[in-house]
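The lines below spell out each chain.
2 protein chains.
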Amino acid sequence: MEEFSSTLLENAVNELSRLPGIGRKTALRLALYILRRDEREANSLGQSIIDLRKGIKYCHICHNISETDTCPICADTRRDSTTICVVENVRDVLSIERTGRFTGLYHVLGGVISPIDGIGPDRLEIASLAQRVAEQDIREVILALSPTMEGDTTAYYIYRLLTGSADAKPTITRLARGVAVGNELEYTDELTLGRSIIDRRPFE
Amino acid sequence: MEEFSSTLLENAVNELSRLPGIGRKTALRLALYILRRDEREANSLGQSIIDLRKGIKYCHICHNISETDTCPICADTRRDSTTICVVENVRDVLSIERTGRFTGLYHVLGGVISPIDGIGPDRLEIASLAQRVAEQDIREVILALSPTMEGDTTAYYIYRLLTGSADAKPTITRLARGVAVGNELEYTDELTLGRSIIDRRPFE
Numbered sequence: 037m038e039e040f041s042s043t044l045l046e047n048a049v050n051e052l053s054r055l056p057g058i059g060r061k062t063a064l065r066l067a068l069y070i071l072r073r074d075e076r077e078a079n080s081l082g083q084s085i086i087d088l089r090k091g092i093k094y095c096h097i098c099h100n101i102s103e104t105d106t107c108p109i110c111a112d113t114r115r116d117s118t119t120i121c122v123v124e125n126v127r128d129v130l131s132i133e134r135t136g137r138f139t140g141l142y143h144v145l146g147g148v149i150s151p152i153d154g155i156g157p158d159r160l161e162i163a164s165l166a167q168r169v170a171e172q173d174i175r176e177v178i179l180a181l182s183p184t185m186e187g188d189t190t191a192y193y194i195y196r197l198l199t200g201s202a203d204a205k206p207t208i209t210r211l212a213r214g215v216a217v218g219n220e221l222e223y224t225d226e227l228t229l230g231r232s233i234i235d236r237r238p239f240e
Numbered sequence: 037m038e039e040f041s042s043t044l045l046e047n048a049v050n051e052l053s054r055l056p057g058i059g060r061k062t063a064l065r066l067a068l069y070i071l072r073r074d075e076r077e078a079n080s081l082g083q084s085i086i087d088l089r090k091g092i093k094y095c096h097i098c099h100n101i102s103e104t105d106t107c108p109i110c111a112d113t114r115r116d117s118t119t120i121c122v123v124e125n126v127r128d129v130l131s132i133e134r135t136g137r138f139t140g141l142y143h144v145l146g147g148v149i150s151p152i153d154g155i156g157p158d159r160l161e162i163a164s165l166a167q168r169v170a171e172q173d174i175r176e177v178i179l180a181l182s183p184t185m186e187g188d189t190t191a192y193y194i195y196r197l198l199t200g201s202a203d204a205k206p207t208i209t210r211l212a213r214g215v216a217v218g219n220e221l222e223y224t225d226e227l228t229l230g231r232s233i234i235d236r237r238p239f240e
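Chains as they are written, first to last, in the numbering used here: chain L, 37 to 240; chain D, 37 to 240.
Next up, chain L with everything else stripped away, as it sits in the complex (with noise of 0.2 Å):
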C-alpha cells in the first residue's frame, strides 16, 4: 500500500514538498489545508501559481520583475537614472524600495558569482549593466551586493570591469558595511539597510 490512500494528494503532497523549506510533513499539512478551503480558494491558489510563471515578464532594462517590457521603476522620469544600484536578485529591490532612501534606478544581476555552484559571470545580467554604463550617463553605480564571499567576488568582477575600459568612468561604490559580514541582504532590517545606502563608500 502506498504512504497514501488518495494519488491526488499523493501528488500535491510531492509537488509541495519540492518548494525550499517546505518538508513532507509541512506539504501533508498544507495539502489537508486545501482540501477543507472551497473549492473555488484551491482554484485561485493553484491558478495563481500557474499564471506567475506563464505570465511573468522581466524588465528590458533592469531585469526587475515587470508587467511591461520596461518596469515602473525604470519608466518613473522623476528618480535619478545616472544612477544604478546593482542587486542580487528582486527581493533586493523590494527592500531597497522599502527603506524609501534610494531614488535611482536598479540593475538585477540575477544571482552572484559562485564558482561552486557553476555560476560564472556569463549566467549573470553583468554584460548588459556594462553596456547599460557604456552607453548611457551613468555617474554612479552602487554595488549592493551581499557582504558574502560570493557576494564581494561579484562587486569585484563588476569593478574591475566596470572601471577597466578607457571611456568616462562611473564613480562606483559600495554600500556601507552598516550590514553584518556574513548574512544575507534580504534579513537586514530597514534602517540598517538605509542608513547603509546614505553611507555607501567608493569601492577600492
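It is worth saying that the hints were derived from the structure and are not from the lab.
Rough simulated footprint, nothing fancy, chain L against chain D, three-plus residues with beta-carbon under 8 Å: (1) 42 to 52; (2) 70 to 83; (3) 102 to 108; (4) 122 to 132.
Beta-carbon label-pair distances, calculated as ranges: (5) D/THR118 x L/GLY59: 30 to 40 Å; (6) D/HIS96 x L/GLY136: 52 to 62 Å; (7) L/TYR223 x D/SER53: 10 to 20 Å; (8) D/SER164 x L/THR104: 49 to 59 Å; (9) L/THR118 x D/GLU77: 36 to 46 Å; (10) L/ARG73 x D/THR118: 33 to 43 Å; (11) L/ASP74 x D/SER164: 19 to 29 Å; (12) L/ILE155 x D/ARG54: 32 to 42 Å; (13) L/GLY59 x D/GLU77: 13 to 23 Å; (14) D/GLU77 x L/ILE152: 16 to 26 Å; (15) L/SER164 x D/ARG76: 20 to 30 Å.
Note that beta-carbon positions come from the ideal geometry of N, C-alpha and C, so glycine has one too.
Here the structure of chain L is known, so what remains is to put chain D in place on it, guided by the hints.
Below, chain D alone, put in the same frame as chain L:
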C-alpha cells in the same frame, strides 16, 4: 506604487500567504523560487493543487481520503472489520498506519468537539459512527483521540453515546497514556504511538 512591480507576483504572494504557517516573506520566497523553475514545473504544482481539491473523494464508510467510494483500508478483507479506530483526521490515520500495529478499520471524525470554535457533535462524523456500530458486528471501538481537553471531551461524548443504547455494546477502549498529555497526536513518534495502541485500556 504597489509593494510589488507585478500584479501576478502580488497575486501569487497573497494566495500563498493564506496557507497556514506561511507569512508574506516566506510566500515571496516561494513565489520567486517558482519563477526560477521551468514553466512545466510551475504548472504541475498549480495543477496538483486544483486537481486535489476538485477530484478528492472521501470513503463513504470511514470518511478517510480516497480515490474510490470505499477506501483501500475499508476494502481490504484481510483487515479486522470488527475493530474500529476512531481518529480526529486523515493525518492520524497515516500516523497509525505507519506504526504497523493496527489491523482494524478506521473512522475519521473530521475534527473534535470544540465549543469555543463552534464545533458541536453535529459537525463531526459521530452519527455515522453510531450507525456503523449499530448495524455491523463491531466488537471494539478504540477512541484514538489526542489527549487534550477537546479530544477527551469528544472521547467521553462518543463513549456515552455508544454505551447508552440497550443493544449489544462493543468494548470501548482508549489509547494508553504513553502519549504525552497536552500534545497533538500527530507529533507523537511512531514507537510511542505503536506502544500506546498495544497498551490500550478500557474506557472509563
